[in-house]
Each structure stands twice: as structure tokens, then as C-alpha cells.
Amino acid sequence: MRNVAKTVKTLGAGTVLGGSLLFTAGMGMALAQPDTADDGRVNVAVGNAGVLEDVEVATAAQIAAGVCDTDVAAVNELAQAADTEGTDQTACTNTVGTIVIQQNGPGQSENAPGQAQDSVETPTSETPAPAEPTTAEDGS
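Just so you know, the sequence shown maps onto residues -32 to -1, 1 to 108 in mature numbering (1 follows the signal peptide of the UniProt record, and there is no 0).
There may be inaccurate statements among the hints.
Claimed, not checked - Distance windows between CB atoms, simulated:
#	residue 1	residue 2	range
1	Glu21	Thr(-23)	49 to 55 Å
2	Asp37	Asp6	47 to 53 Å
3	Thr(-18)	Ala17	52 to 58 Å
4	Thr52	Gly15	23 to 29 Å
5	Gly73	Thr(-23)	17 to 23 Å
6	Asp22	Thr61	19 to 25 Å
7	Ala17	Thr52	23 to 29 Å
8	Thr(-23)	Thr52	45 to 51 Å
9	Glu21	Lys(-24)	51 to 57 Å
10	Thr(-18)	Asp39	55 to 61 Å
Hint data in this document are derived by calculation from the structure and do not stem from the laboratory.
From the three backbone atoms N, C-alpha and C, an ideal C-beta is built for every residue, glycine too.
Using the sequences and the accompanying hints, generate a full structural model.
Printed below as a string of C-alpha cells:
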């Protein structure tokens, strides 16, 4: 009976320690911030037209203000908030769609793991010239 009690105590202690390790590791991950927080760059989602990625805050404000036909200074504040706070900021909604300024993410960088790298040359419409035959000259 003593062995059973000792085994239960050991299992209980192991469970508590293991659970506390998982809890503290989870807390550390929950408090982690993305690498791009407050880096001076944001993404601009232009309705149905697409997303401009990793745009400087001032440039993003100019683009959004031009599409929204509004004051650049007001949109610049939204772009700054998106960069520092990491929250999506809606600049306007018009015939193009909703213009949203977002924090750029590490997964959206062209150098991020998993992103397609253009290592293959893009084909052109030109056809390559045929190779000229080479002849060896002996010098005799």
C-alpha cells in the first residue's frame, strides 16, 4: 500500500510541475509581440484591388488619402495607429471598396519562411537564338 501512495504522490507532483511548465510557456507566447510592431511600415488593403504590403507609413497615408479623397494628416494618424497598436484602421469605404490600413506581419515579408522565392527566370516572349556550332582548331 505504501508503494501505491508513493506512486500517486510522484504522479501528482509530476503533473503539477509539468502543468506549470506548460502554463508559463504559454504565457510567454501569449505576451510575445510580432517582429514588425512599430517598424514604420504597414499594409494597405484597397477594396477589391488588392493589398500593398510593407509600405512606409507616410506613403500609405498618401495612397489611402488619395483613394479616399480626404486629408492626408487624418489618414496619417490612422496609419500610425495601425503600425504602433497593430489594429486594423479603416480609412474609408467608397466605390473601390473598403480601404484598410493594417500592421504588416512577419509572415507577409518576401523573405519569410514559406514564401515563394522567385529563383526561376520568368519566360519571355523572345525565342532563344540557336547555338552556333563550335569547331576545335588544332593550330596545325
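Hint check:
Checking the proposed 49 to 55 Å range against Glu21 and Thr(-23) shows it holds: the Cβ atoms sit about 53 Å from each other. Roughly 29 Å separates the CB atoms of Asp37 and Asp6, a value that falls outside the hinted 47 to 53 Å. Under the hint 52 to 58 Å, the C-beta atoms of Thr(-18) and Ala17, about 54 Å apart, fit the expected range. Separated by about 25 Å at the C-beta atoms, Thr52 and Gly15 satisfy the suggested range of 23 to 29 Å.
A C-beta distance of roughly 44 Å is found between Gly73 and Thr(-23), which places it outside the suggested range of 17 to 23 Å. Checked against the hint of 19 to 25 Å, the pair Asp22 and Thr61 passes, with Cβ atoms roughly 24 Å apart. At roughly 26 Å, the beta carbons of Ala17 and Thr52 sit within the given window of 23 to 29 Å. Taking 45 to 51 Å as the suggested C-beta distance range, the pair Thr(-23) and Thr52 conforms, at roughly 49 Å.
For the hinted restraint 51 to 57 Å between Glu21 and Lys(-24), the CB-CB distance of approximately 56 Å keeps it satisfied. At about 60 Å, the CB distance of Thr(-18) to Asp39 agrees with the hint of 55 to 61 Å.
When the structure is compared with the earlier hints, violations turn up for hints 2, 5 and for no others.
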